[in-house]
Structures are given as C-alpha cells and as structure tokens.
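Protein chains in written order, with numbering that gives the first Met the number 0: chain A, 0 to 213; chain B, 0 to 148.
Calculated from the structure, these hints are not laboratory results.
Since the model is a prediction, treat every value here as computed from it, not as a measurement.
Check each hint, because a few of them may be wrong.
Said to hold, decoys possible - Computed footprint of chain A on chain B; a stretch qualifies when at least three of its residues, placed anywhere within it, have a C-beta under 8 angstroms from a C-beta of chain A:
1. 44 to 58
2. 134 to 142
Claimed, not checked - Quick list of in silico lysine-lysine cross-link-like pairs, DSS-like style, CA-CA up to 25 angstroms:
3. B:Lys83 / B:Lys148
4. A:Lys121 / B:Lys51
5. B:Lys21 / B:Lys148
6. B:Lys29 / A:Lys157
7. B:Lys85 / A:Lys157
8. A:Lys121 / B:Lys43
To be verified - Facing chain A, from chain B, some residues (calculated, C-beta under 8 angstroms):
9. Ala19
10. Thr89
11. Glu118
From the three backbone atoms N, C-alpha and C, an ideal C-beta is built for every residue, glycine too.
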Amino acid sequence: METQPKQFRVVFHGEVADGHDPTAVREKLAALLKKDPARIERLFSGREVVIAARVNAADAEKYRKAFAAAGAVCRIETLETENASGKESGPPQTPEPAAAPLSSPPDGGSMIVTNIESVPGKTIVAHYGLVSGSTIRAKHLGRDIMASLKNLVGGELKGYTELLRESRRQATERMIEQARQLGANAIINVRFSTSSVAQGAAELYAYGTAVSVR
Amino acid sequence: MDLIIFLMLLALGYFAGTVAEKRHYRSIEKREKALVRLPAVTLKRVDIAPEKVCAARMVHGSAVISVDYFKRMLAALRNIFGGKVKSYETLLDRARRESLLRMKESAVGADIIVNVRIETATIGRSRRGKQRISCLETVAYGTALTLEK
Numbered sequence: 000m001e002t003q004p005k006q007f008r009v010v011f012h013g014e015v016a017d018g019h020d021p022t023a024v025r026e027k028l029a030a031l032l033k034k035d036p037a038r039i040e041r042l043f044s045g046r047e048v049v050i051a052a053r054v055n056a057a058d059a060e061k062y063r064k065a066f067a068a069a070g071a072v073c074r075i076e077t078l079e080t081e082n083a084s085g086k087e088s089g090p091p092q093t094p095e096p097a098a099a100p101l102s103s104p105p106d107g108g109s110m111i112v113t114n115i116e117s118v119p120g121k122t123i124v125a126h127y128g129l130v131s132g133s134t135i136r137a138k139h140l141g142r143d144i145m146a147s148l149k150n151l152v153g154g155e156l157k158g159y160t161e162l163l164r165e166s167r168r169q170a171t172e173r174m175i176e177q178a179r180q181l182g183a184n185a186i187i188n189v190r191f192s193t194s195s196v197a198q199g200a201a202e203l204y205a206y207g208t209a210v211s212v213r
Numbered sequence: 000m001d002l003i004i005f006l007m008l009l010a011l012g013y014f015a016g017t018v019a020e021k022r023h024y025r026s027i028e029k030r031e032k033a034l035v036r037l038p039a040v041t042l043k044r045v046d047i048a049p050e051k052v053c054a055a056r057m058v059h060g061s062a063v064i065s066v067d068y069f070k071r072m073l074a075a076l077r078n079i080f081g082g083k084v085k086s087y088e089t090l091l092d093r094a095r096r097e098s099l100l101r102m103k104e105s106a107v108g109a110d111i112i113v114n115v116r117i118e119t120a121t122i123g124r125s126r127r128g129k130q131r132i133s134c135l136e137t138v139a140y141g142t143a144l145t146l147e148k
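For reference, chain A alone in the conformation it holds in the complex (with noise of 0.2 angstroms):
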C-alpha cells in the first residue's frame, strides 16, 4: 500500500499500427528482441503474449515505446497487487499462468527426494544406479572457541548444528546435480550419514538411487 511500487506487465496481441507494413514491423521487431523468425511469427498468432511479466512503471513505458517505434501495438497492464485496487480490467490470476511458461523451470524443484523405495503415486520407468554428494566441513575457530565455552554448560550448540545443516544440503544438492547430469528426475531410497574424518571436521554424504518416474 505504501511504498511498495506497482507492478506492470506488458503483453502484445499481435496489433500492429496503422500504416505500418506487418512483414516490415516483423523484421524490425526480429531486430530488436534479437529473436530468430520462428519466435517472432509466435508472437503474430493473435493470441496474448506477455513480453514483459513483472515490471515497473519505468520499465514497461519503455517496452512500449521500443514496440511503438517498430510499429507494433503493445498494451500495459496493472498487475493486481494484495490491495486489488485493480484499475484495468485484467482478470486477476491470469498474470502468473501467463508470465510461467516464459521463465526457465525453477532449479531442483522438478527433482523429488525420497527415502522410500518408489514415489507414490507414480512408477519408475528407468533406473540410473547410484548417486551420491558429500562435502567435508571444518567448523572455524570462532565457532569452535564458542563451543567449547558451551561445553562447559551443556545444551545445543546452535553454530554446529547450522553449519552441518547447511552442508547437508549441500551434500543433498551435489547429489541432485548428479541425478540432473544422468538425466532422472527424482532420487529414492536417500540416506545420509555423517562421519569424523579428522579432528574438527566432519563429513556429510548424502546418496540415493536416480530413477526416472512418470
């Protein structure tokens, strides 16, 4: 409500301006998008297509100036923001399903981590054998001197316990960046340990099976 600036998206429905040649316009809008033709013929299909998901007010004026100049008609919309005080007659929850197919899928999100022996509810088509991630951590002095203090009263010493969390996941991350590279798309039957190597240093091993599910 306050500062919390408004956002802008900036769709394109394929209009092209009075007395402007389309073929003319397509090649201009090929230059400046840096767009092969294919992509660019995409955007003539008539359908809406969002250029620009979530702008400012700065930003989407400048989108539709660039489209202007290349003869094209551009629209700009208000996103509805948690106050609705939706001015445009956008409906309100198309933004989000519009502007996700233009964003690269989220990282890591399409791999699903299980300890149990299958995913529920879907089947394993192929198996890739085993993957596996580990890092090796050493807690530094400061902590160190920290725990030993803590040693003297006892209790949890909340320095270790974030560190090692954090290298767990990033034991569980190189684990899944392995899967990734064998091309699964989820990892069964996880387990981790931890083990001492050397004084002050412990290891984090993450390992599972790669399989791929549909």
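With chain A's structure known, arrange chain B on it following the hints.
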C-alpha cells in the same frame, strides 16, 4: 587453586546444565503437543492409496548437542564402576526429540512422514591427550507425504 577452578566449573555445569535441560524439556513437550497431529512413522508403506498422495519430499532435522561439565564428570565416574549413564541418556533423548521436532516443523503442510530414520554421529573427535569435546549430532529424516483432501 586448580581445585577451586575445578569445583567452580563443576558447579557452573551443574546449575546451568540443569536449568538448560529443564527449559529444553519444557519446550520439547510443548512443541510435541502442537505437532501431535503430524504422525511420523518408520514404516516404508502406509495404508494410503498411492493415487491419493499428491506430493512426496524429503524432510530432515538435526541438532548438535553437548554435555555439561558436571555430567561429564559424572559419566567419567560411572566409567569406573560401570552401569547406566543416566546423564547421557537424557542428553541423547533431548537431541533426538529435538531433531524429530525440527523435521516435523520443516514438513509444513504434510500429512504424514514415513520411513523416518534417526542417526547419531559424534563430531569433533578428541585430540589425543586433551580433554575431549564430546558433541553429538542427531539427524532425523523421512519422506513427508501430502495427501489430497
């Protein structure tokens, strides 16, 4: 002089350790009550039709915990006579329950956690001859299933 320091450490360990332990147990019990609706089981399969499960993801929680000076002395004494080391029992119990709770807390929106495993590992191994810093890590991990309503 050495004896005074030793006794002071012992007293500090005893009082601070007891207070910390009580407070920790209180917080554990409170949170366990709050999370009692989210069951965590060690079974791999539960009686849920697979098509009802709409999401499965791994969750984990961990805690690193150390013993206080007094308890360590107590345990050292126990080592001479053998028997149950009660002071360590509560420590491990606290650590496990804490990590279980953290796992449950990280499974927001899930309905059940299956195949829960709890592991314990010693980290910070002793330097030879020096007093050992005994801290333990417990990890609890499982698969959180979200069911269709």
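We went through each hint and held it up to the structure:
By the rule of at least three residues with a Cβ nearer than 8 angstroms to a Cβ of chain A, the coverage given for the region 44 to 58 of chain B holds, with 10 such residues. Check result for the region 134 to 142 of chain B against chain A: holds, 6 residues qualifying (beta carbon to beta carbon below 8 angstroms, three or more required). A threshold of 25 angstroms between alpha carbons decides the hint, and for Lys83 (chain B) with Lys148 (chain B) the separation of about 48 angstroms lies outside it, so the pair is violated. Restraint check: the Cα-Cα separation between Lys121 (chain A) and Lys51 (chain B) comes to about 11 angstroms, which is no more than 25 angstroms; the hinted pair holds.
At roughly 39 angstroms between alpha-carbon atoms, Lys21 (chain B) and Lys148 (chain B) are farther apart than 25 angstroms, so this suggested pair is violated. Under the criterion of a C-alpha separation no larger than 25 angstroms, the hint pairing Lys29 (chain B) with Lys157 (chain A) is consistent with the structure, at around 20 angstroms. Between Lys85 (chain B) and Lys157 (chain A) the CA atoms are separated by roughly 24 angstroms; this keeps the pair inside 25 angstroms, and the hint holds. The suggested pairing of Lys121 (chain A) with Lys43 (chain B) holds, with an alpha-carbon distance near 16 angstroms, which does not exceed 25 angstroms.
Because the closest C-beta pair between Ala19 (chain B) and chain A is about 4 angstroms apart, less than 8 angstroms, the hint holds. The restraint placing Thr89 (chain B) at the interface with chain A is violated, with a minimum CB-CB distance near 10 angstroms, outside the 8 angstroms limit. The criterion of a C-beta within 8 angstroms of any C-beta in chain A is met by Glu118 (chain B), whose closest approach is roughly 7 angstroms, and the hint holds.
The structure does not agree with the numbered hints 3, 5 and 10 stated previously, though it agrees with the rest.
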